[in-house]
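Asks: Residue-level listing of the chains:
Protein chains: 2
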Amino acid sequence: MDVTRRETEKTRTPRSNGAEAEIMEFAKDFIEAIRNGNLDEIMSFYAPDVVAFDMMPPFEIMGRDAYRKSWQMYSEGMIFPTEQEMSHVDITCHGDVAFCRSLMKMKGQMKDGQKMDMSFRNTSCLRKINGEWLIVHEHNSVPIDMKTEKAIWNSEVKH
Amino acid sequence: MDVTRRETEKTRTPRSNGAEAEIMEFAKDFIEAIRNGNLDEIMSFYAPDVVAFDMMPPFEIMGRDAYRKSWQMYSEGMIFPTEQEMSHVDITCHGDVAFCRSLMKMKGQMKDGQKMDMSFRNTSCLRKINGEWLIVHEHNSVPIDMKTEKAIWNSEVKH
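Protein chains in written order, with numbering that gives the first Met the number 0: chain A, 0 to 158; chain B, 0 to 158.
Calculated from the structure, these hints are not laboratory results. Some hints here could point you the wrong way.
All copies of an identical chain are treated as equivalent in the list; a pair is satisfied when it fits inside any one copy or across any two copies.
When the alpha-carbon atoms are kept at most 25 Å apart in a straight line, the in silico DSS-like pairs for lysine-lysine are as follows [as the list claims (entries may be wrong)]:
(1) Lys149 to Lys114
(2) Lys146 to Lys110
(3) Lys68 to Lys157
(4) Lys146 to Lys27
(5) Lys68 to Lys146
(6) Lys157 to Lys127
(7) Lys127 to Lys114
(8) Lys106 to Lys149
(9) Lys27 to Lys106
(10) Lys68 to Lys110
(11) Lys114 to Lys68
(12) Lys110 to Lys157
(13) Lys149 to Lys104
(14) Lys149 to Lys127
(15) Lys146 to Lys127
(16) Lys149 to Lys27
(17) Lys110 to Lys127
(18) Lys127 to Lys106
(19) Lys106 to Lys157
(20) Lys27 to Lys127
(21) Lys146 to Lys157
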């Protein structure tokens with residue numbers, strides 16, 4: 000159960016200059032949760048009042064309960080584990096406020112037979128609330144081909 | 000003003016309020032620069048090593064000089080002033096680190112006669128460097144219609 004993991008983290012004494020390492024660990028745990036597709040576990044990384052700008056509509060998703068609906072489609076629609084790759088990670092933090100940008104690759108098979116294979120950009124904004132980092136704002140997107148106005152799902156990540 | 004904003008303010012330290020006002024002013028000045036289309040002025044809001052995830056490719060824009068090329072297209076292609084509207088602004092800050100999310104409406108006429116009229120989501124991540132707030136990471140996007148795979152340019156902003 001995710002609650003156990005979160006409560007264990009809460010009891011750890013945060014080191015004053017270890018926030019970046021904490022957030023990197025948080026990000027890795029989050030990716031692992033996404034890989035395994037457990038909806039409750041995924042949602043435990045978000046603050047109740049998270050606001051998300053996601054690839055799918057709506058334009059603005061207000062609150063964890065609303066965002067759960069988007070994640071539910073993923074959790075119910077995919078075969079797990081999926082492949083998740085995070086790169087170009089950059090974390091900036093001060094006190095109980097942090098932001099993290101990264102490039103993501105997501106690959107997998109849907110239950111209806113379709114394949115999912117895409118690269119997208121992620122910005123996660125975090126706050127430490129009651130000693131626990133949580134995502135208070137998330138922004139996921141792909142760039143748009145301005146001629147066709149279509150999403151570019153498979154941008155190459157330059158290393 | 001939404002519930003999220005009020006709840007966030009409740010838990011914020013009084014010290015942050017000065018920084019929040021500074022960033023709100025910064026955002027307003029930035030919008031004014033965009034409205035007028037002066038390229039140097041627009042670029043002065045970014046840190047030299049800004050990383051942008053923009054609506055247009057490339058996937059990841061590394062540095063102010065690279066990002067200038069995107070803004071140059073806007074600066075040279077539009078008739079100024081353009082119409083800019085920022086709403087649902089939410090600022091979170093601690094010390095010299097801040098993030099700000101907002102919904103943007105941009106309207107205008109291109110020199111080639113085309114009209115631009117779109118709504119997009121903005122996440123700006125800032126740092127105070129030598130006493131001056133600068134954008135170190137920016138993320139702009141529109142959601143995608145998953146059936147047509149096309150960009151949704153005119154999402155309605157709910158108030």
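Asks: Would you mind marking each hint as holding or not holding in the structure?
Replies: Hints versus structure:
For a Cα distance limit of 25 Å, the shortest separation of Lys149 from Lys114 qualifies both inside one copy, at 18 Å, and across copies, at 19 Å. Proximity of Lys146 to Lys110 under the C-alpha cut-off of 25 Å is restricted to the inter-copy arrangement: shortest distance 18 Å between copies versus 33 Å within a copy. Taking CA atoms no more than 25 Å apart as the test, Lys68 paired with Lys157 passes between copies only; the shortest distance there is 19 Å, against 33 Å inside one copy. Proximity of Lys146 and Lys27 under a CA criterion of 25 Å is satisfied in neither setting, with 36 Å inside one chain copy and 31 Å between copies.
Taking the closest pair of Cα atoms, Lys68 and Lys146 come within 25 Å of each other only across two copies (18 Å); inside a single copy the shortest separation is 32 Å, beyond that limit. In the homo-oligomer, the alpha carbons of Lys157 and Lys127 never lie at most 25 Å apart, since the shortest distance is 32 Å inside one protomer and 29 Å across protomers. In this assembly of identical chains, Lys127 and Lys114 lie within 25 Å of each other by CA distance neither inside one copy nor across copies; the values are 36 Å within and 44 Å between. Taking CA atoms no more than 25 Å apart as the test, Lys106 paired with Lys149 passes in both settings, with 20 Å inside one copy and 21 Å between copies.
For the identical chains of this complex, Lys27 and Lys106 are intra-copy neighbours only, at 17 Å inside a copy versus 40 Å across copies, given an alpha-carbon limit of 25 Å. Proximity of Lys68 and Lys110 under a CA criterion of 25 Å is satisfied intra-copy only: 18 Å inside one chain copy versus 42 Å between copies. For a Cα distance limit of 25 Å, the shortest separation of Lys114 from Lys68 inside one copy, 21 Å, qualifies, whereas the shortest one across copies, 35 Å, does not. In this assembly of identical chains, the alpha carbons of Lys110 and Lys157 never lie at most 25 Å apart, being 31 Å within a copy and 34 Å across copies at closest.
In this homomeric assembly, Lys149 and Lys104 come within 25 Å of each other (Cα to Cα) both inside a single copy, at 19 Å, and across copies, at 20 Å. For a Cα distance limit of 25 Å, the shortest separation of Lys149 from Lys127 qualifies neither inside one copy, at 37 Å, nor across copies, at 37 Å. With identical chains, the CA atoms of Lys146 and Lys127 are never at most 25 Å apart, being 42 Å at best within one copy and 38 Å at best between copies. Taking the shortest Cα distances, Lys149 and Lys27 never come within 25 Å of each other, neither inside one copy (31 Å) nor across copies (31 Å).
Taking the shortest Cα distances, Lys110 and Lys127 never come within 25 Å of each other, neither inside one copy (36 Å) nor across copies (47 Å). Neither within a single protomer nor between protomers do Lys127 and Lys106 lie at most 25 Å apart by alpha-carbon distance, with minima of 31 Å and 38 Å respectively. Taking the shortest alpha-carbon separations for Lys106 and Lys157, only the intra-copy value of 18 Å comes in at or below 25 Å, while the best inter-copy value is 33 Å. In this assembly of identical chains, the alpha carbons of Lys27 and Lys127 lie at most 25 Å apart only when taken from the same copy (17 Å versus 28 Å across copies).
In this homomeric assembly, Lys146 and Lys157 come within 25 Å of each other (Cα to Cα) only inside a single copy, at 23 Å, whereas the closest approach across copies is 29 Å.
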